[in-house]
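Residue numbers for the sequence shown follow our numbering, beginning at 1 and rising by one.
What the hints contain is simulated information worked out from the structure, not anything from laboratory work. Since the structure is predicted, the reported quantities are computational estimates derived from the model, not experimental observations. A hint or two may mislead.
[As the list claims (entries may be wrong)] Pairs of lysine-lysine, DSS-like flavour, derived with a Cα cap of 25 Å:
#1 Lys-75 - Lys-161
#2 Lys-161 - Lys-185
#3 Lys-192 - Lys-38
#4 Lys-75 - Lys-9
#5 Lys-87 - Lys-38
#6 Lys-185 - Lys-64
#7 Lys-165 - Lys-144
#8 Lys-183 - Lys-38
#9 Lys-154 - Lys-64
#10 Lys-161 - Lys-183
#11 Lys-161 - Lys-144
#12 Lys-75 - Lys-87
#13 Lys-64 - Lys-193
#14 Lys-38 - Lys-144
#15 Lys-183 - Lys-110
#16 Lys-75 - Lys-110
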Amino acid sequence: MENSILIEKTAAFVQQTLKDAEGGHDWWHINRVWQNAKRIAETESADGLIVELAALLHDIADAKFYNGNEEIGPKLAGEFLRSLDVKEAVIHHVQQIIRHISFKSGFEKKEFHSLELDIVQDADRLDAIGAIGIARAFNYGGFKGRELYNPDVKPNLNMTKEEYKNSKAPTLNHFYEKLLLLKDKMNTTTGKKLAEQRHNFMLVYLEQFYSEC
């Protein structure tokens with residue numbers, strides 16, 4: 001199967017699968033990550049097919065919506081790609097990217113690395129910061145019934161992976177526990193450049209938020 005057709009079929013599969021997803025993790029999130037991944041990949045010597053497939057499939061079954069099951073995403077992605085007779089080496093690489101892309105994977109020793117992971121991870125992190133990142137954070141917080149802000153609940157900057165996964169803290173704490181940390185965790189030169197402006201926008205937003213409080 002030609003790569004362009006494979007990408008087209010994958011995009012259609014993801015769009016259909018996530019048609020009822022929470023707004024911060026829906027098809028439009030995937031589409032933005034996909035476009036950013038392609039943009040970053042243009043400046044790197046990466047396998048474009050793996051970058052696009054991983055970007056499209058990285059949230060096909062986000063663990064936070066499946067009782068913390070971190071293997072359901074790689075499993076569903078593998079089943080779909082095998083149905084299209086994709087080479088096993090490509091499938092394995094895509095699955096490894098899905099397993100290691102998330103912020104919470106950073107709480108553990110990194111057991112897998114590739115340029116393609118760096119690119120897709122940067123693209124995903126870009127969508128977690130800036131104006132869209134702010135919108136996504138509060139959308140998910142509302143979805144989970146969390147407080148917007150509570151000055152009596154301080155951010156936890158030394159969380160374990162389990163504490164991070166189970167946190168019910170106000171959404172504003174998430175800026176300090178994750179979003180403001182992402183700029184310095186970008187992998188690629190292009191990713192770092194794109195993250196800078198988005199990071200600065202969040203600082204301006206927080207200043208305005210506190211002034212209104």
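Now for the hints, and whether the structure bears them out:
no., hint, in the structure
1, Lys-75 - Lys-161, "holds (22 Å)"
2, Lys-161 - Lys-185, "holds (17 Å)"
3, Lys-192 - Lys-38, "holds (15 Å)"
4, Lys-75 - Lys-9, "holds (18 Å)"
5, Lys-87 - Lys-38, "holds (21 Å)"
6, Lys-185 - Lys-64, "holds (22 Å)"
7, Lys-165 - Lys-144, "holds (13 Å)"
8, Lys-183 - Lys-38, "holds (19 Å)"
9, Lys-154 - Lys-64, "holds (23 Å)"
10, Lys-161 - Lys-183, "holds (20 Å)"
11, Lys-161 - Lys-144, "holds (19 Å)"
12, Lys-75 - Lys-87, "holds (15 Å)"
13, Lys-64 - Lys-193, "violated (29 Å)"
14, Lys-38 - Lys-144, "violated (32 Å)"
15, Lys-183 - Lys-110, "holds (19 Å)"
16, Lys-75 - Lys-110, "holds (20 Å)"
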